[in-house]
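> Add chain B to chain A, keeping to what the hints say.
2 protein chains.
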Amino acid sequence: MNSLQEKIAQLLHLRERLSRPSESQAAKEELQKVRPEDLAEQVVHIEPEHAAEILQEMEPIQAANVLVEAPTETVRAIVRELPDDVLAAYLDVLPMDDAMDLREELGDDRFESLLNVIPKEDAQEIRRLMAYPEESVGRLMTERFFWVKPEATVKEILADIRIAPDEKYEMVNDLYVLDENEHVIGVTSLRKVLRVPTTTTAAALMKGDVVTVRASEDEESAARLMARYGFYALPVVDDRGKMVGIFTGDDAQAILREAETEDVLAVGAVSGDAEPYMSLSVWQLYKRRFPWLLALFVAETLTGQVMRHYFPSDGAAATAASMMLFLPLILGAGGNSGSQVTTTITRALALGEVVPGDWLRVIRREFATALLVGGSLGLIGFARALFGWNTGMGLSLVVGLALPAIVLWATSVGSLLPIAAKRLKIDPAVMSAPFITTFVDATGLIIYFEIALRILPKS
Amino acid sequence: MNSLQEKIAQLLHLRERLSRPSESQAAKEELQKVRPEDLAEQVVHIEPEHAAEILQEMEPIQAANVLVEAPTETVRAIVRELPDDVLAAYLDVLPMDDAMDLREELGDDRFESLLNVIPKEDAQEIRRLMAYPEESVGRLMTERFFWVKPEATVKEILADIRIAPDEKYEMVNDLYVLDENEHVIGVTSLRKVLRVPTTTTAAALMKGDVVTVRASEDEESAARLMARYGFYALPVVDDRGKMVGIFTGDDAQAILREAETEDVLAVGAVSGDAEPYMSLSVWQLYKRRFPWLLALFVAETLTGQVMRHYFPSDGAAATAASMMLFLPLILGAGGNSGSQVTTTITRALALGEVVPGDWLRVIRREFATALLVGGSLGLIGFARALFGWNTGMGLSLVVGLALPAIVLWATSVGSLLPIAAKRLKIDPAVMSAPFITTFVDATGLIIYFEIALRILPKS
Numbered sequence: 001m002n003s004l005q006e007k008i009a010q011l012l013h014l015r016e017r018l019s020r021p022s023e024s025q026a027a028k029e030e031l032q033k034v035r036p037e038d039l040a041e042q043v044v045h046i047e048p049e050h051a052a053e054i055l056q057e058m059e060p061i062q063a064a065n066v067l068v069e070a071p072t073e074t075v076r077a078i079v080r081e082l083p084d085d086v087l088a089a090y091l092d093v094l095p096m097d098d099a100m101d102l103r104e105e106l107g108d109d110r111f112e113s114l115l116n117v118i119p120k121e122d123a124q125e126i127r128r129l130m131a132y133p134e135e136s137v138g139r140l141m142t143e144r145f146f147w148v149k150p151e152a153t154v155k156e157i158l159a160d161i162r163i164a165p166d167e168k169y170e171m172v173n174d175l176y177v178l179d180e181n182e183h184v185i186g187v188t189s190l191r192k193v194l195r196v197p198t199t200t201t202a203a204a205l206m207k208g209d210v211v212t213v214r215a216s217e218d219e220e221s222a223a224r225l226m227a228r229y230g231f232y233a234l235p236v237v238d239d240r241g242k243m244v245g246i247f248t249g250d251d252a253q254a255i256l257r258e259a260e261t262e263d264v265l266a267v268g269a270v271s272g273d274a275e276p277y278m279s280l281s282v283w284q285l286y287k288r289r290f291p292w293l294l295a296l297f298v299a300e301t302l303t304g305q306v307m308r309h310y311f312p313s314d315g316a317a318a319t320a321a322s323m324m325l326f327l328p329l330i331l332g333a334g335g336n337s338g339s340q341v342t343t344t345i346t347r348a349l350a351l352g353e354v355v356p357g358d359w360l361r362v363i364r365r366e367f368a369t370a371l372l373v374g375g376s377l378g379l380i381g382f383a384r385a386l387f388g389w390n391t392g393m394g395l396s397l398v399v400g401l402a403l404p405a406i407v408l409w410a411t412s413v414g415s416l417l418p419i420a421a422k423r424l425k426i427d428p429a430v431m432s433a434p435f436i437t438t439f440v441d442a443t444g445l446i447i448y449f450e451i452a453l454r455i456l457p458k459s
Numbered sequence: 001m002n003s004l005q006e007k008i009a010q011l012l013h014l015r016e017r018l019s020r021p022s023e024s025q026a027a028k029e030e031l032q033k034v035r036p037e038d039l040a041e042q043v044v045h046i047e048p049e050h051a052a053e054i055l056q057e058m059e060p061i062q063a064a065n066v067l068v069e070a071p072t073e074t075v076r077a078i079v080r081e082l083p084d085d086v087l088a089a090y091l092d093v094l095p096m097d098d099a100m101d102l103r104e105e106l107g108d109d110r111f112e113s114l115l116n117v118i119p120k121e122d123a124q125e126i127r128r129l130m131a132y133p134e135e136s137v138g139r140l141m142t143e144r145f146f147w148v149k150p151e152a153t154v155k156e157i158l159a160d161i162r163i164a165p166d167e168k169y170e171m172v173n174d175l176y177v178l179d180e181n182e183h184v185i186g187v188t189s190l191r192k193v194l195r196v197p198t199t200t201t202a203a204a205l206m207k208g209d210v211v212t213v214r215a216s217e218d219e220e221s222a223a224r225l226m227a228r229y230g231f232y233a234l235p236v237v238d239d240r241g242k243m244v245g246i247f248t249g250d251d252a253q254a255i256l257r258e259a260e261t262e263d264v265l266a267v268g269a270v271s272g273d274a275e276p277y278m279s280l281s282v283w284q285l286y287k288r289r290f291p292w293l294l295a296l297f298v299a300e301t302l303t304g305q306v307m308r309h310y311f312p313s314d315g316a317a318a319t320a321a322s323m324m325l326f327l328p329l330i331l332g333a334g335g336n337s338g339s340q341v342t343t344t345i346t347r348a349l350a351l352g353e354v355v356p357g358d359w360l361r362v363i364r365r366e367f368a369t370a371l372l373v374g375g376s377l378g379l380i381g382f383a384r385a386l387f388g389w390n391t392g393m394g395l396s397l398v399v400g401l402a403l404p405a406i407v408l409w410a411t412s413v414g415s416l417l418p419i420a421a422k423r424l425k426i427d428p429a430v431m432s433a434p435f436i437t438t439f440v441d442a443t444g445l446i447i448y449f450e451i452a453l454r455i456l457p458k459s
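Protein sequences, first through last, are from chains A and B.
The letter at position 70 of the first sequence is residue 70 when you use our numbering, and the numbering goes up by one with no holes.
The letter at position 121 of the second sequence is residue 121 when you use our numbering, and the numbering goes up by one with no holes.
Next comes chain A alone, as it looks inside the complex (with noise of 0.2 Å):
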């Protein structure tokens, strides 16, 4: 059995024991132990109202991170179960940036009205945030940054870190050195200023030349620009220079992440943002996949073009090459779908979403979904071979059947492939994209011909 299973079970069993007056205490001493990232995983997997209630049970700064941490799809659906008291402390005990991602699952208006019964200081700092631009880094940085003046001593700073309120410290490993218009001059660490005599000033400790991003900067070449230089954290200026936040690494790392994704699943020619894969729906999936199938599909008619320019289909062996004029598009529409479903997997795979027990909710998923592709793609690939090509009813037919049955084939062994060589120890990247076409590619053949066989008259 895998650790996943097991912790889902264990969690729904504490929820049971959070219920019952004798054993409610230990259990929530339990739940304080397990950390937001491991219950943002596990919350995904049960029913939204049994989350709610067990994030009830908890220290609200710790309900709230395992909020930050799910899906988006998941937060959603729990949210909803969350009375707006619970979810006004939430917002409030979050760091703003983490508060304010909280937006899209609240919806706008909901956050609205929430924003009115938070502490005032925070709300405006939330509303400051949401007035850059989406993916901006000022929609992601800190105000709350730890400041000196470059005649500031060592013993001015020490004694400053210590009287200052605790929410000013979300990294204070970085010192930043500003001057009068609030530039940043230069940058020290907390590691330099204890080891040097308490009479130095921040200007005799501190580097120059640092590395600053805009506010309204893209978030992601941000992200980078921070991995490059190997940072923890990246100064935020405005469009004068002057400082107003930091952009931290947790921020960076995850953005990083998340284009990965993206980029692993615009290979296999899916789109969209990267959301874990089991808490997209049916629907979801469908809609991420289909546009790109539909577009190539329509693309493939062309090498029907080509092949019908070359081979004018009459004559003796009619039906045979009338056949193989059908035969790229097919082929392409089960390849092509076969790489998204093992892109999807694969990364799902290497992010830990999936995990090969999961293998029967997958082929589940995948299959339903093959339906709804693959009979559209028939529907379309009837109607072009019987009107647009004018190719009699019966190939049409085939053509209609041939493609939702290879759509369903290539989703198969596009998903479980990779789960398989997991199991098997294997790196289930080896279940590329090509491999996956190539062996569509022949297989698929095998569907084509053998409906073909049995619905087309004998020649």
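Certain hints may be false.
Because identical chains cannot be distinguished in the list, a pair is counted as satisfied if it fits within a single copy or across any two copies.
[Claimed, not checked] With a cut-off of at most 25 Å between alpha-carbon atoms, the simulated DSS-like pairs for lysine-lysine come out as follows:
1. LYS28 x LYS242
2. LYS242 x LYS33
3. LYS192 x LYS155
4. LYS120 x LYS28
5. LYS149 x LYS425
6. LYS7 x LYS207
7. LYS33 x LYS192
8. LYS242 x LYS425
9. LYS33 x LYS149
10. LYS207 x LYS33
11. LYS192 x LYS149
12. LYS242 x LYS149
13. LYS28 x LYS207
14. LYS33 x LYS7
15. LYS155 x LYS425
16. LYS28 x LYS422
17. LYS422 x LYS7
18. LYS7 x LYS287
19. LYS425 x LYS7
20. LYS149 x LYS207
21. LYS207 x LYS425
22. LYS242 x LYS207
I should point out that these hints are in silico values taken from the structure, not numbers from a laboratory.
Frame of chain A, contents of chain B only:
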């Protein structure tokens, strides 16, 4: 003009100025301001002996970091131009895990002889790390972490930080609390230490339940663990639970970035380690791509077998029918080689290893690689057709010529389309593998038929 090319030109100009006595001092000062990560990117594009000259004008720590950041093949060429005493100085100033990383580029023999020159303590540490298995956390950790006993007071801790030697402080933001067996029982941070009365003990400050990794654990899974919890460092323990080092965020990020790249390439059926595109020779590109193409090619001959089964090629339209047999084989080879290239180039563009201005250099490399790949496949295809399937000489020749032509075409399209997309500010990932495959299906067909029309006798 793009900025990487400008920077390379500037660097070469700087090198000239370094050699002129009147300007060398100013040039040296300018050089000192360049970040090692930027230089590492630029030295890929200049002659190794020029790069070596420039490095020797730099501070050892700065020069050594350029070598740490630059791609393997580039470093291998540069170190051949550097004398032993310079390299020994580099090994001396680098953190031990980075120093050990240079072993691959220096070669075992030269690395061993350098170990005898550097300070004995450093050499011993490197030998200890080298005893861990390849790709394990032990190889990447640093032994220089800061730890305290549970009964230590804040006053003692601060005094410790003040007097300890500099190299103990690679990562002092996290303070580990170890018991008498050197097991990690808690962790606290420098900022917490600074905000409590000086009589507070480490035991009172620390957070227990610390996430650790084993030194023998696989580096990628440890890096994923760190990313999952958003930590900046993880304590590393040996098999008995004794803390032996820390695994830091910069190493973890580098590992994840490489793993992602390998995943992306694998989706496009390119095997091998994550090496920057421009640092690979044509022969290396061939070696990464050909084995997969060959395997897929052999698999695709199955398609031909299936078609032969359903359509024995004799009778009236014999030529047309036997031409069809090779269709999936030829289109498959084109589609697969196109997928490989487009995946590789798209990834290189995403990482900034290739910029649109490089298009001419890219196409030159891809053309040479395609000649090798296509030529190999063409020979095999020709032999397979002539001797394996007893196709006539004419059609065998068509197959043997169409294969390299289509591979050349697919490779050109697969490399130029993502670059063109990037220049037009479209996301290059849109040029996905299925897109290229479909495009090559339609256009490759024309190449195949046109070659056939010129070689085969008219029927």
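> Each hint needs a verdict: does it hold in this structure or not?
Here's how the hints hold up against the structure:
1. Taking the shortest Cα distances, LYS28 and LYS242 never come within 25 Å of each other, neither inside one copy (46 Å) nor across copies (31 Å).
2. Only between protomers do LYS242 and LYS33 lie at most 25 Å apart by alpha-carbon distance; the minimum there is 23 Å, versus 41 Å within a single protomer.
3. Both within a single protomer and between protomers do LYS192 and LYS155 lie at most 25 Å apart by alpha-carbon distance, with minima of 13 Å and 17 Å respectively.
4. When the C-alpha separation of LYS120 and LYS28 is checked against a cutoff of 25 Å, the pair qualifies neither within a copy, at 32 Å, nor between copies, at 53 Å.
5. In this homomeric assembly, LYS149 and LYS425 never come within 25 Å of each other (Cα to Cα): the closest approach is 56 Å inside a single copy and 41 Å across copies.
6. Proximity of LYS7 to LYS207 under the C-alpha cut-off of 25 Å is restricted to the inter-copy arrangement: shortest distance 23 Å between copies versus 47 Å within a copy.
7. With identical chains, the CA atoms of LYS33 and LYS192 are at most 25 Å apart between copies only, with a shortest distance of 21 Å across copies and 34 Å within one.
8. Proximity of LYS242 to LYS425 under the C-alpha cut-off of 25 Å is found in neither arrangement, the shortest distances being 52 Å within a copy and 30 Å between copies.
9. Proximity of LYS33 and LYS149 under a CA criterion of 25 Å is satisfied inter-copy only: 24 Å between copies versus 41 Å inside one chain copy.
10. Proximity of LYS207 and LYS33 under a CA criterion of 25 Å is satisfied inter-copy only: 12 Å between copies versus 40 Å inside one chain copy.
11. Taking the shortest Cα distances, LYS192 and LYS149 sit within 25 Å of each other both inside one copy (16 Å) and across copies (23 Å).
12. Taking the shortest Cα distances, LYS242 and LYS149 sit within 25 Å of each other inside one copy (14 Å), while across copies they are farther apart (43 Å).
13. Taking the shortest Cα distances, LYS28 and LYS207 sit within 25 Å of each other only across copies (19 Å), while inside one copy they are farther apart (48 Å).
14. Proximity of LYS33 and LYS7 under a CA criterion of 25 Å is satisfied intra-copy only: 13 Å inside one chain copy versus 52 Å between copies.
15. With identical chains, the CA atoms of LYS155 and LYS425 are never at most 25 Å apart, being 57 Å at best within one copy and 51 Å at best between copies.
16. Proximity of LYS28 to LYS422 under the C-alpha cut-off of 25 Å is found in neither arrangement, the shortest distances being 36 Å within a copy and 53 Å between copies.
17. With identical chains, the CA atoms of LYS422 and LYS7 are at most 25 Å apart within one copy only, with a shortest distance of 20 Å there and 44 Å across copies.
18. Neither within a single protomer nor between protomers do LYS7 and LYS287 lie at most 25 Å apart by alpha-carbon distance, with minima of 31 Å and 44 Å respectively.
19. In this assembly of identical chains, the alpha carbons of LYS425 and LYS7 lie at most 25 Å apart only when taken from the same copy (22 Å versus 45 Å across copies).
20. For a Cα distance limit of 25 Å, the shortest separation of LYS149 from LYS207 inside one copy, 14 Å, qualifies, whereas the shortest one across copies, 33 Å, does not.
21. In this assembly of identical chains, the alpha carbons of LYS207 and LYS425 never lie at most 25 Å apart, being 48 Å within a copy and 36 Å across copies at closest.
22. With identical chains, the CA atoms of LYS242 and LYS207 are at most 25 Å apart within one copy only, with a shortest distance of 18 Å there and 37 Å across copies.
Of the numbered hints given earlier, the model fails hints 1, 4, 5, 8, 15, 16, 18 and 21; all others are met.
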